[in-house]
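As they're listed, the protein sequences go chains A and B.
Going left to right, the first sequence walks through residues 866 to 1165 as the numbering used here numbers them.
Going left to right, the second sequence walks through residues 87 to 224 as the numbering used here numbers them.
No wet-lab data here; the hints were simulated from the structure.
Computed from a prediction, not measured in an experiment: that's the story for all the values here.
Using N, Cα and C, we set each Cβ at its ideal position, and we do this for glycine too.
Here are some, though not all, of the chain B residues that point toward chain A, as calculated from beta-carbon distances under 10 Å:
| no. | residue |
| --- | --- |
| 1 | 94 |
| 2 | 95 |
| 3 | 96 |
| 4 | 97 |
| 5 | 101 |
| 6 | 126 |
| 7 | 127 |
| 8 | 131 |
| 9 | 134 |
| 10 | 135 |
| 11 | 136 |
| 12 | 137 |
| 13 | 191 |
With a straight-line cut-off of 30 Å between C-alpha atoms, the simulated DSS-like cross-links for lysine-lysine are:
| no. | chain 1 | residue 1 | chain 2 | residue 2 |
| --- | --- | --- | --- | --- |
| 14 | A | 1095 | B | 141 |
| 15 | B | 204 | A | 1137 |
| 16 | B | 205 | A | 1137 |
| 17 | A | 899 | B | 141 |
Estimated spans, in silico, between C-beta atoms of each pair:
| no. | chain 1 | residue 1 | chain 2 | residue 2 | range |
| --- | --- | --- | --- | --- | --- |
| 18 | B | 211 | A | 1028 | 49 to 55 Å |
| 19 | A | 995 | B | 219 | 58 to 64 Å |
| 20 | B | 214 | A | 989 | 43 to 49 Å |
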Amino acid sequence: MNNESPVIEIQNLVRRYGKHEAVNGLSLSVPTGKCYGFFGRNGAGKTTTIKCLLNLLQPDDGSVRVFGLDPRRQEVAVKSRLAYVPDQVAFYPWMTVQDTLEYLASFRTTWNREIEADLLRRFQLDPSKKTSSLSKGQRTQLALIGAICPEPELLVLDEPTSGLDPIVRREFIETVIGAYQSGDPGRRTVFVSTHLIAEFEGLIDEFTIIEEGRELLTMNADAARNRFKKIRARFSQEPTLKLLGALEVKRAGREVEILANGNSEALLAELKAQSPEELRAESLTLEEIFVASKVLKPAP
Amino acid sequence: MRWQIDFRSGTPVYLQLVEQVRHAAASGGLRTGESLPSIRPLAEELRVNRNTIAKAYAELENQGVIETLPGKGCFLKEVGSLLTKSARNDLLTQEIDRAVVAAHHLQIGDDELLALVKKRLEAFDRHNQDANHSKDHS
Chain A
866 MNNESPVIEI
876 QNLVRRYGKH
886 EAVNGLSLSV
896 PTGKCYGFFG
906 RNGAGKTTTI
916 KCLLNLLQPD
926 DGSVRVFGLD
936 PRRQEVAVKS
946 RLAYVPDQVA
956 FYPWMTVQDT
966 LEYLASFRTT
976 WNREIEADLL
986 RRFQLDPSKK
996 TSSLSKGQRT
1006 QLALIGAICP
1016 EPELLVLDEP
1026 TSGLDPIVRR
1036 EFIETVIGAY
1046 QSGDPGRRTV
1056 FVSTHLIAEF
1066 EGLIDEFTII
1076 EEGRELLTMN
1086 ADAARNRFKK
1096 IRARFSQEPT
1106 LKLLGALEVK
1116 RAGREVEILA
1126 NGNSEALLAE
1136 LKAQSPEELR
1146 AESLTLEEIF
1156 VASKVLKPAP
Chain B
87 MRWQIDFRSG
97 TPVYLQLVEQ
107 VRHAAASGGL
117 RTGESLPSIR
127 PLAEELRVNR
137 NTIAKAYAEL
147 ENQGVIETLP
157 GKGCFLKEVG
167 SLLTKSARND
177 LLTQEIDRAV
187 VAAHHLQIGD
197 DELLALVKKR
207 LEAFDRHNQD
217 ANHSKDHS
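All chains should be modelled from the sequences, with the hints used to inform the complete structure.
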């Protein structure tokens, strides 16, 4: 499966708005069947990148391939194999929930009625209700049903759970795990941009952190949690420590808190040599890695 | 059995699940022939990728802890190993060495270490007895 071409391949993507470079030389590659996180602050270039994947925007430079195809030249071939849930979903207000699903289904070659009925029941969405009377949460649920029923190979989610209540957010993620991956899990790829990293933590196989339109960090999630560690130590008196290579060091008298980036063994050894009263090391969560990544420098 | 994931442990998520099944099998939380949850509901419950659960089950099958019966699911296997006695001893020796090294750095003396090992063995035995006891009464 690894020799397959990636589902998404972005190389040196550049997209400007006037003089402002929203995306500035971004490269990333999403393998088949993985759940790929795309993290960045507001304005980092996430949505611009996603729009280039869908040919909603055209790159100024670099290349974008989805299923090995160029979304500009083979837009229909690309879009027929993916589904997209944006952060702001809009439907025709005069249509009912059922009308909307029929309308969405009319563009698709595949539409799983069983999943449709299952999810309508699960979300307790009334098919005869007008979309104009749906809450924001219900609108997102409807968009998710519309994205999952065609059983696409790629699910693109742009800030899908922001602004939703915790129950809807939880259901959303369970649906992505359960219903979306039910067909052929090995071939169902998810590309998700989000701020709410903690909620997606267990789902993310790999991720890229983007900052000012450039890649800051790309890693496997387990490897990242192994590499970034927070070490806390307390000594009987203020210690003399070099702590070379620590990402960040906070000292408060006898206590030291260190952020380690891949060199926790050496740092722990140095601390142990000073006979600490207490010494603890724990991995950072993906959200904490995202926050900590601000001290990493973007690749030039 | 109870499942728990700790993203701060630094251990890959699938290995945490592997360890929990091995632990449950050793302490009577899971008995020979009992089934493990299927992948989808467990993934939804733990909110982890299905690939992660599948990887954990594949690893457990590889280690001979569980077996997959097509269409029926995954079941805990009878404890039995294809390895020779000396190979099994070697594997366990590595694990014991790790504990011995840790004890040294934590300044735990030999007698204390042995007492601790004995205490843990008793704790696992107790769990097993409790599990069997409740089985007999169910």
